[in-house]
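Given chain A, work out where chain B should sit, using these hints.
Taken in sequence, the protein lines are chains A and B. Counting in our numbering, the first sequence runs from 197 upward without gaps. Counting in our numbering, the second sequence runs from 197 upward without gaps.
Since the hints were derived computationally from the structure, they do not count as laboratory data. Honestly, I wouldn't trust all of these hints.
Given that identical chains are not distinguished, each listed pair holds provided it fits within a single copy or across any two copies.
[As the list claims (entries may be wrong)] Under the rule of at most 30 Å between Cα atoms (straight-line distance), these lysine-lysine pairs were calculated in the BS3-like manner: (1) 264 to 281; (2) 403 to 264; (3) 256 to 451; (4) 403 to 246; (5) 312 to 453; (6) 478 to 453; (7) 478 to 451; (8) 274 to 312; (9) 312 to 451; (10) 478 to 403; (11) 274 to 478; (12) 453 to 256; (13) 478 to 327; (14) 478 to 256; (15) 274 to 264; (16) 264 to 478; (17) 281 to 246.
Protein chains: 2
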Amino acid sequence: MKKAEPFGLKNGFAWGDRVHPTIGKRGKNMSEYRVAILGATGAVGQEMIKILEEYDFPTKELIPLASKRSVGKTLRYKGENFTIKEANEGAFEHADIVLGAAENDVAEAFASHIVKAGAVFIDNSSAFRLKEDVPLVVPEINGEDAKTHRGIIANPNCSTIITLMAVAPIARISPIEKMVASTYQAVSGAGVGGIRDLESQVSAYVKGEELLNGTFPYPIAFNLIPCIGGVQENGYTSEEMKLQNEGRKILHLPKMKVSCTCVRVPVLRSHSISVNIVTERKVSAAEARDALERSPGVILADRTAQNVYPMPLHASGADAVHVGRIREDLSEERGLSLFCCGDQLRKGAAANAVQIAQLLVGQ
Amino acid sequence: MKKAEPFGLKNGFAWGDRVHPTIGKRGKNMSEYRVAILGATGAVGQEMIKILEEYDFPTKELIPLASKRSVGKTLRYKGENFTIKEANEGAFEHADIVLGAAENDVAEAFASHIVKAGAVFIDNSSAFRLKEDVPLVVPEINGEDAKTHRGIIANPNCSTIITLMAVAPIARISPIEKMVASTYQAVSGAGVGGIRDLESQVSAYVKGEELLNGTFPYPIAFNLIPCIGGVQENGYTSEEMKLQNEGRKILHLPKMKVSCTCVRVPVLRSHSISVNIVTERKVSAAEARDALERSPGVILADRTAQNVYPMPLHASGADAVHVGRIREDLSEERGLSLFCCGDQLRKGAAANAVQIAQLLVGQ
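Same shape as in the complex, but just chain A (with noise of 0.2 Å):
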């Protein structure tokens, strides 16, 4: 990647007029950077200070945020320990970056504080994202579009990213008009309480106990929940409707259509998704395979014969999404089908929204 300036200043990504005036103003120069985590403690924001920590991003202090429960709780990070503080309007004033890993009514409450103290905000959460003056980027796709930024920039959906580093690299050869999806998708998705339930589950079922349920409403081990998010008039959940409204944004492709069906499987961690595409020209399986090989962020795991498939088993734990079981579609003459998978608390999260603030300070 290109090296540019500190925030992007008018040379290197040459931002120019449009920067948030007052990051112009700090960045400048700078050289290490004082980042804030809101919602440190949770699992995102967890991963985040990880992530930080080993892309060794130059962080001249870390300043974790969260609810007031964890105030004064200490988090270590590179050899050093940072004290949680809790996250109000003022918390903010010394901040250079802030990588949100809250939910909505949180992101919402504090993005006009953390704008007028003059810090990027890269929100995870799902508030900003379809704003019109709000960029949502995918670094390996859009990254340009971090530029126009205005103080804040949304980190896409976890499943729309994995599907999207996936079908971009198609995209890129062809656009896309429609696409059919049908997810995969861990329960750490659900956060902490879905890990939980999980374990708890499978170790009651070991010991012959009931399942319990706590944070979905029936037990996941061995079992499958066919609905995340709230159910909205047209019958798609919240979630479901994602892919296409951040795919459309991210993709710059404001046709595409999408019908996507999210799944909560008995997986921990890493979301895959079964994928069909139908692209403006046939666009082969060959050329499909060869443009994903070149993609930085993608490992093609396309040997089906030879058990080379994307599984969570292989994507856990890294950044890289794995697509593979490339088909020319059988129902479609332009149609390709594939399946993919990624760790959706990295790619999918935390590390989209590090990269995010990568790409800002020309790291």
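Just chain B now, kept in the frame of chain A:
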């Protein structure tokens, strides 16, 4: 269902001249039948015996057949003990109906002997499914086809039966042009070895031990394996092609195009399928719901906002196929999307075979 004469002689099912000559003779005036189970010790064979008893099938004698290893063991059926005999060429001499629960090679080796002995072979293997003179039957969908049998009736693939139970009522409103399907298949589809793999792996996980694999090439606990069956030249697996090949024959839609992706999931029992269909004329979600509600063998589980949707948890251990998440496809004008789930050992295999036998004897 209209009561037919035993083995469907001229009156009743009126199979006429096309009936296998010796079957008519033997079947005449019978009220109880000698039923052989070819492969009585496997997961499907065991389930067949259980279902024959549960349905109170009019059995004069149960003839459990297996490989040499199991010969001499006894099986309990309707309060009596039956001794397992060796499956050999002479084993079918006294049988009226043979339920096949064995692999293709076994089915192929014995089929001609069964037919010569004057029995009807209802075979669960895939050996004869696509043969022109062998009906491939799901009683609720194409029960009439059974009438044309010449000694062999094939039982379809498990995922195919479950998917077609969900879409056939819609296909009756308007023929299906194409279908995209992604499966979520339980480990019991791979027999007792599959169940053993998953159970031993979750047990190892709870104890903090390594997950060892046996039947599948990778651990299936907390994982997905997106490959079932052998890979063909077009990249699809043999299992994936069954939905198109068998679906065309059962639905009498020789041009229906199907693109299917088969995925093994860590579920013990019941296969689920996410399906998108395109019909010749638009069928609304309401019309589809109405048709499914009136379909025998189907449970409409389609109140998503009330957490009512098809799940292995609810479908396992019974015959009905659960259908829900019915939505108009956002990517296709004449498209519908739905999710279905059925017990693949029951309706997907053993129950469907016994239901074919019931059709034959007019039970």
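Right, here's what the structure says about each hint:
1. In this assembly of identical chains, residue 264 and residue 281 lie within 30 Å of each other by CA distance solely inside one copy; the values are 8 Å within and 72 Å between copies.
2. Taking identical chains as interchangeable, the C-alpha atoms of residue 403 and residue 264 are never at most 30 Å apart, the minima being 38 Å within one chain and 36 Å between chains.
3. Proximity of residue 256 and residue 451 under a CA criterion of 30 Å is satisfied in neither setting, with 43 Å inside one chain copy and 65 Å between copies.
4. In this homomeric assembly, residue 403 and residue 246 come within 30 Å of each other (Cα to Cα) only across copies, at 27 Å, whereas the closest approach inside a single copy is 34 Å.
5. In this assembly of identical chains, the alpha carbons of residue 312 and residue 453 never lie at most 30 Å apart, being 37 Å within a copy and 56 Å across copies at closest.
6. In this assembly of identical chains, the alpha carbons of residue 478 and residue 453 lie at most 30 Å apart whether taken from the same copy (17 Å) or from different copies (17 Å).
7. For the homomeric pair residue 478 and residue 451, the shortest alpha-carbon distances inside one copy (18 Å) and between copies (21 Å) are both at most 30 Å.
8. Within a single copy, residue 274 and residue 312 get their C-alpha atoms as close as 29 Å, which meets the 30 Å cut-off; across copies the closest is 79 Å, which misses it.
9. For the homomeric pair residue 312 and residue 451, neither the shortest alpha-carbon distance inside one copy (35 Å) nor that between copies (62 Å) is at most 30 Å.
10. Proximity of residue 478 and residue 403 under a CA criterion of 30 Å is satisfied in neither setting, with 53 Å inside one chain copy and 51 Å between copies.
11. In this homomeric assembly, residue 274 and residue 478 never come within 30 Å of each other (Cα to Cα): the closest approach is 49 Å inside a single copy and 60 Å across copies.
12. Proximity of residue 453 to residue 256 under the C-alpha cut-off of 30 Å is found in neither arrangement, the shortest distances being 44 Å within a copy and 59 Å between copies.
13. For the identical chains of this complex, residue 478 and residue 327 are neighbours neither inside a copy (33 Å) nor across copies (34 Å), given an alpha-carbon limit of 30 Å.
14. Taking identical chains as interchangeable, the C-alpha atoms of residue 478 and residue 256 are never at most 30 Å apart, the minima being 50 Å within one chain and 60 Å between chains.
15. In the homo-oligomer, the alpha carbons of residue 274 and residue 264 lie at most 30 Å apart inside one protomer (25 Å), although the nearest pairing across protomers, at 66 Å, exceeds that limit.
16. Taking CA atoms no more than 30 Å apart as the test, residue 264 paired with residue 478 passes in neither setting, with 55 Å inside one copy and 54 Å between copies.
17. When the C-alpha separation of residue 281 and residue 246 is checked against a cutoff of 30 Å, the pair qualifies only within one copy, where the shortest distance is 18 Å, while the shortest distance between copies is 62 Å.
Checked against the numbered hints above, the structure violates hints 2, 3, 5, 9, 10, 11, 12, 13, 14 and 16; every other hint is satisfied.
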